Amino acid sequence: MLIFFELGNTRLKAASLKKGRYDYLGSVNHAEMTSDSLLTDLGLQGVDVDAVYVCSVVDSESNAKFNEWIQQAFKLYPTYLATQPNCCGIQCGYDAFETFGVDRWMAIIGACSGQNKPTFIVDAGTAITVDVVIEKEHIGGFIVPGLAIMKQSLLDQTALKPEAMQLKDETMSSGLLATNTAEAVAGGTLYMVAAYLNALLADLEKETGRRFDCVGTGGDFPIIEPLLDKSFDYVEDLTLQGMVEVIESL
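For reference, each letter of the sequence shown is one residue, going 0 to 249 in numbering that gives the first Met the number 0.
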């Protein structure tokens, strides 16, 4: 069995591949994760593992800690995947491919390796990334702060208190606009992200004369999706699927 881990800024996701069968195992929050919960929460106790592959965007200290857990659990050292100039028939569009985030690269491969349509990929996590692929070529993308970072910046740069940001059922307004601070922040940041994505996609389609297939992933994407103008396919484990494509292509 092969195990795949996506080690993101906030959450860890996992999948397995055994005899050609892919299974998404779920995700856990970093703050709640221990060496024991890594196995129990993901259903990996007692499994026979041949190799572990990791896509990580965290710092070296966190990677080292994770390596210890993997060695304790499976008696082997994980292999860390990296961005390549091209893979699975897809060309990386960054001027220096090695500076392109491996999570974005794996998401692109997950979305595009099996098809040749123009594709608009949104990963709404701690940061919100957009990447665009046309005829198997990544032509670039954007990075903006995620919803949580936007909200935290208001706490850091204004006199707002954390308790004022807590949404409560009893204060939820029924109209479009907010009537309390928590909803004003939640709704305002949500509309900022949705407006940005809608405008970018419209401009992109106008500039290229193409209509894009749209793929979304990341923990916050389901919150954003109802405000988007175009239909998106939501793929929770998109990065993991890309990792599997990379390993199977070797």
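Derived by calculation from the structure, the hints in this document are not laboratory data.
All of these numbers come straight from a predicted model, not from anything done at the bench.
Treat the hints loosely; a few may be bogus.
Below, simulated DSS-like cross-link-like pairs (lysine-lysine); rule was C-alpha separation at most 30 Å, straight line [claimed, not checked]:
hint	residue 1	residue 2
1	Lys-160	Lys-17
2	Lys-74	Lys-150
3	Lys-160	Lys-150
4	Lys-116	Lys-135
5	Lys-64	Lys-135
6	Lys-74	Lys-135
7	Lys-205	Lys-64
8	Lys-135	Lys-18
9	Lys-160	Lys-135
10	Lys-74	Lys-64
11	Lys-74	Lys-17
12	Lys-64	Lys-160
13	Lys-116	Lys-64
14	Lys-17	Lys-64
Per label pair, the in silico range of CB-to-CB distance [said to hold, decoys possible]:
hint	residue 1	residue 2	range
15	Lys-18	Thr-207	27 to 33 Å
16	Ser-36	Asp-228	36 to 42 Å
17	Thr-180	Gly-139	32 to 38 Å
Backbone N, C-alpha and C define an ideal beta-carbon position, used for all residues, glycine too.
Hints and how they fare:
1. Lys-160 / Lys-17: This hinted pair is violated, its Cα atoms lying about 49 Å apart.
2. Lys-74 / Lys-150: With a Cα-Cα distance of about 41 Å, the restraint between Lys-74 and Lys-150 is violated, given a limit of 30 Å.
3. Lys-160 / Lys-150: 11 Å, holds
4. Lys-116 / Lys-135: Status holds; Cα separation ~8 Å.
5. Lys-64 / Lys-135: The given pair, whose Cα atoms are some 36 Å apart, is violated under the 30 Å limit.
6. Lys-74 / Lys-135: Status violated; Cα separation ~38 Å.
7. Lys-205 / Lys-64: Answer violated: Lys-205 to Lys-64 is near 47 Å, above 30 Å.
8. Lys-135 / Lys-18: 28 Å, holds
9. Lys-160 / Lys-135: 47 Å, violated
10. Lys-74 / Lys-64: Status holds; Cα separation ~15 Å.
11. Lys-74 / Lys-17: The hint holds at about 18 Å.
12. Lys-64 / Lys-160: At roughly 34 Å apart (the allowed maximum being 30 Å), Lys-160 and Lys-64 break the hint.
13. Lys-116 / Lys-64: 40 Å, violated
14. Lys-17 / Lys-64: 26 Å, holds
15. Lys-18 / Thr-207: 27 to 33 Å: Given range 27 to 33 Å: violated, Cβ gap about 41 Å.
16. Ser-36 / Asp-228: 36 to 42 Å: Holds - the Cβ-Cβ distance for Ser-36 and Asp-228, about 40 Å, lies within 36 to 42 Å.
17. Thr-180 / Gly-139: 32 to 38 Å: Roughly 37 Å apart at Cβ, these two residues keep to the hinted range, so it holds.
Violated hints, listed in ascending order, are 1, 2, 5, 6, 7, 9, 12, 13, 15; each of the other numbered hints is respected by the structure.
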